[in-house]
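Q: Assemble the complex: chain A is given as a structure, and chain B must be docked to it using the hints.
2 protein chains.
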Amino acid sequence: MGSSKTLRKIEVVSPVPADIDIANSVQPLHISEIAEELNLKSEHYDLYGKYKAKVLLSVLDELEGSSDGYYVVVGGITPTPLGEGKSTTTVGLCQALGAFLEKKVVTCLRQPSQGPTFGIKGGAAGGGYSQVIPMDEFNLHLTGDIHAITAANNLLAAAIDTRIFHEASQSDKALFNRLCPPNKDGKRSFADVMLRRLKKLGIEKTNPDDLTPEEVKKFARLDIDPDSITWRRVMDVNDRFLRKITVGQGPEEKGMVRETGFDISVASEIMAVLALTTSLADMRERLGRMVIGNSKSGEPITADDLGIGGALTVLMKDAINPTLMQTLEGTPVLVHAGPFANIAHGNSSVVADKIALKLVGSGGFVVTEAGFGADIGTEKFMNIKCRHSGLMPQCAIIVATIRALKMHGGGPDVVAGKPLDHAYLTENVALVVAGCVNLVRHIANTKQYGVNVVVAVNKFATDSDAELNAVRNAALAAGAFEAVVCTHHAHGGKGAVDLGIAVQKACESQTESLKFLYPLDVSIKDKIAAIAKSYGASGVEYSEQAEKQIEMYSRQGFNNLPICMAKTQYSFSHVPSQKGAPSGFILPIRDVRASIGAGFIYPLVGTMSTMPGLPTRPCFFDIDIDLATGKVLGLS
Amino acid sequence: MGSSKTLRKIEVVSPVPADIDIANSVQPLHISEIAEELNLKSEHYDLYGKYKAKVLLSVLDELEGSSDGYYVVVGGITPTPLGEGKSTTTVGLCQALGAFLEKKVVTCLRQPSQGPTFGIKGGAAGGGYSQVIPMDEFNLHLTGDIHAITAANNLLAAAIDTRIFHEASQSDKALFNRLCPPNKDGKRSFADVMLRRLKKLGIEKTNPDDLTPEEVKKFARLDIDPDSITWRRVMDVNDRFLRKITVGQGPEEKGMVRETGFDISVASEIMAVLALTTSLADMRERLGRMVIGNSKSGEPITADDLGIGGALTVLMKDAINPTLMQTLEGTPVLVHAGPFANIAHGNSSVVADKIALKLVGSGGFVVTEAGFGADIGTEKFMNIKCRHSGLMPQCAIIVATIRALKMHGGGPDVVAGKPLDHAYLTENVALVVAGCVNLVRHIANTKQYGVNVVVAVNKFATDSDAELNAVRNAALAAGAFEAVVCTHHAHGGKGAVDLGIAVQKACESQTESLKFLYPLDVSIKDKIAAIAKSYGASGVEYSEQAEKQIEMYSRQGFNNLPICMAKTQYSFSHVPSQKGAPSGFILPIRDVRASIGAGFIYPLVGTMSTMPGLPTRPCFFDIDIDLATGKVLGLS
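First to last, the protein sequences are chains A and B.
Residue numbers for the first sequence follow the working numbering, beginning at 1 and rising by one.
Residue numbers for the second sequence follow the working numbering, beginning at 1 and rising by one.
Any given hint might turn out to be false.
Below, simulated DSBU-like cross-link-like pairs (lysine-lysine); rule was C-alpha separation at most 30 angstroms, straight line [stated by the list, open to error]:
#  : chain 1 : residue 1 : chain 2 : residue 2
1  : A       : Lys-447   : A       : Lys-505
2  : B       : Lys-254   : A       : Lys-244
3  : A       : Lys-41    : B       : Lys-187
4  : A       : Lys-631   : B       : Lys-205
5  : B       : Lys-187   : A       : Lys-631
6  : A       : Lys-50    : B       : Lys-184
7  : B       : Lys-41    : A       : Lys-50
8  : B       : Lys-205   : A       : Lys-459
9  : A       : Lys-5     : B       : Lys-41
10 : B       : Lys-41    : A       : Lys-41
11 : B       : Lys-187   : A       : Lys-187
Derived by calculation from the structure, the hints in this document are not laboratory data.
Next up, chain A with everything else stripped away, as it sits in the complex (with noise of 0.2 angstroms):
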């Protein structure tokens, strides 16, 4: 047990209990106790209830001169329904670093989406004894974050729409009166974002009298092309029904019926942008070149052209903060920003794993987790997180499950509600052995940017000695740096501490500098084709779509951007069945799109769901709330 005073002991019970049952078994610390024992002055944190506080990018500030920590990253093998523990283990290794072997740390992680909560899928705080707590808090609300990108893609949505319905009915000169009015003594003024637009379109005059009706014209009329449109509208629920609609039906609106739908919230370009923002400067600039369409002469039309930048930081200003939450064992975790990992690049944010640096210092350990297989979560963190950031991790884990690893092995499949196969659940080395195909290609692609691997494999009560053996030789074989089996579900940290070891080895051994899957200066074709490599394909096809959009966009200037594809997580190819390590396959883009003020371009390999559904059952009707004590029942 380490010595400081916000760790406890936790008792385990076995068989484990209910993961709720466990969370709701522990009183959280007043979360002024987690900040205290970080160094954090009350100044850089305000407090959002008992058990949640913002931490203030300010502390960066403070904090400039002092050395940062190590960095880990976990990463997973290729996923499969059986689960493979990715969060679970980034939790418990954390609680191993910090209550068992007396290390400085902090875990970083996503936010979880609220909708899928009352859907299909339980929370994402952990399992076992590894968990954040208290668990709705971590699921619900939290502290408002994705409302708050809610409310800024919507206001943008909303000003999109609008500016077309008022330019539709208006001639330059009236349009212009009306963005310009004259004030009392009749003289008129450009707000400062109108500035930025005048800027751009390479107009040098800040008087609006001074404007020639051609100027008038080109600054007042966006002339948005409506088919051009890709912004769409985002709620935090899973609504179906909201895939695809057709606005402007009213009367008031003058036919002007336009096709559209809504995301879910957490797949909004605003989303990836407070996950990849620095500072608060940074974030202005990223809102408003936001690109949300072309005008009709084929220019992109941004968010500062519609004159909303500003407003869209000020809805995200506290938003940027990422939040202070604790572990089961009394460590501290940062739970910020959660992008998509297919459309965008899956991980939580810089500023989040920037702060939790500092705070550890030096010796400190500060572990991040990358949404899906390493394939896709590893290589994004790397090539767009750690290219952003300039930071670069010592150690990246993969995770992975005897379970999991026999499925790629060629395991049958699993359907949700059927009992396992036997092959699950009884010894077969063999099929293990075939498996470890798909964690040797995870292991390389991983070694490539120049990073210690380290294997972690989250151990099953039926997993067999002869089974976990091959994992750890395969994985050595394949240059991992340690291969260790953990039982933190069971255990909490106590069964991560060998992990935890062999970490700080990796992280105290690790010499490299961070070496890119691909430089930003080549083609955007020659940067999806280094990534499909990685993936194991043997080249690459275009649909006459992907084609024209990458012409576009190298057009427009944004072929030195990274690229984030948007593929299944199931597969290192384009097809979620194939499981192990597939190769020799063409690897089809249906399109591309790009997220200009996140700063990628995103590749489109076959269809993303970006809105979820609700079941028949969906698990809201387990979810109810004690009256008696105020306690949350029936979430998981």
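A: The following block gives chain B in isolation, referenced to the frame of chain A:
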């Protein structure tokens, strides 16, 4: 100056600076200081940053035996485009009572809708030297209550469409098997919320296996009539293109398209529930019994029929706690709930008022504002809010201005952006006297409830003594307890000291009990007639649709609810241009709807817009963030 340590003296400047400049010139106290001054123990509030705290309902249990303070409601004459300064008067009066008359006082205000902040209107935090601070936190996000309403409202909306979708493709048996799936031991059970539906259906069984096929059908098939659905989606954004939309156009929704629309979030019935609820248990019941439409056989379908009442309560569990803020002079403010004042009752929350009355205790004052003119706001305050809460005010204030009374007396139209007619800027006693008919009717109507009426004339620099005296004389002649001229906009609390003294006397001398305008146990039409009479109408006429709805609600057993008229605020009558005190008109009821969870029937007198739009130049053009200080710019 009062003796409390949290009160602060403000230095007033003339002419009065912009609201935002005054707000920014005062450094707010840490909200824990305001809480301590109210004798709130730390376990009874949760901090949300430095200047906001949620006061927990648990404080009501602790203070159960203690006395209530005086209860004062602020209404106004019929609103005009000139503005009457009702919020400003509410805040100014409290600054006077707290900072100059040494009374314990709490201001209870509605939370403003965030959407309009980015459109045309400025904030709703008062004005001049009578404001709630920090202004940006008051107007944006606050503590997330409206975001919680949006999430809950839309989860219910998604559940409706999804349930229809799943019922369309499944047999009774398949539906039942999905709703009550066997667990791993092969046993089925009903979720708690399902037992509510069974009870409603008169099925007294608790074991799913015991249901007959007929009972299975009744239980599992809600058979919602899509054309009867009154539940709409909401968003806290001025998005006119969502007023009328078609949903379900995605290929996976199999052609189950439906016309519906979005309202702004504060128009959600859940907002009205929040404003009227008295406890967590009461909120659970109200949310569960909200009616979303009918079955094809005409039975009302509730949120609990959909299995979602508990989940909605969980989403709203923090929103039920009012938010503590402060005025410029350091007096406490509770901000909570902001329902529409036409389709809902337009008053802040019952729980905030109840908490405030206990916190100020005997001899203290709680001042709460009622939306729109007294014909709507005060009427609904008495007949809906006080009837639900069991509270009674001792004093009702009616705010008037010379300018607005001139308009009611026949003064020329006022057009935004155009200079004011000289009639409003120079003395014209005759116009003022003529306009007092409006004030006089509001006084007479308000006195009928058994409260003492105090008229507050919110003075402008251009008002003459003769004009002010004319109003005072008319008010006293109409039976007002007192009529007082105030200058709190220019002078803060000091400018409302006379008003404070008058209010204190009015409260101390009040002796009658609350007399409602109508009893609940008469017919819906009799209740509507009673309210119409208070407007000056000589009769009521009903559309065919209104007749049909009244018949339906009566048949469904909802005839004992109070009535919430959805009428224009700009006239006693249904015609906005009829100023003064129109009479002898026939009030037309276009349609009749119901908010069963909130607990009222709302007849529509004309068409109410429930989703505002954005102008050509929304005020978001001016809103930005000062990157050096983090302060919000351009909010007004």
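Q: Each hint should be assessed against the structure and marked as holding or not.
A: Okay, the hints, checked on the actual structure:
1. A:Lys-447 - A:Lys-505: The hint holds at about 16 angstroms.
2. B:Lys-254 - A:Lys-244: holds (12 angstroms)
3. A:Lys-41 - B:Lys-187: Violated: Lys-41 of chain A and Lys-187 of chain B sit about 54 angstroms apart, past 30 angstroms.
4. A:Lys-631 - B:Lys-205: Answer holds: Lys-631 of chain A to Lys-205 of chain B is near 28 angstroms, not above 30 angstroms.
5. B:Lys-187 - A:Lys-631: Roughly 27 angstroms separates the two Cα atoms, so the pair holds.
6. A:Lys-50 - B:Lys-184: Given that 30 angstroms is the threshold and the Cα spacing comes to 38 angstroms, the pair is violated.
7. B:Lys-41 - A:Lys-50: Distance ~14 angstroms between Lys-41 of chain B and Lys-50 of chain A Cα, so the pair holds.
8. B:Lys-205 - A:Lys-459: violated (44 angstroms)
9. A:Lys-5 - B:Lys-41: holds (26 angstroms)
10. B:Lys-41 - A:Lys-41: holds (24 angstroms)
11. B:Lys-187 - A:Lys-187: violated (77 angstroms)
Going through the hint list in order, the structure does not satisfy hints 3, 6, 8, 11.
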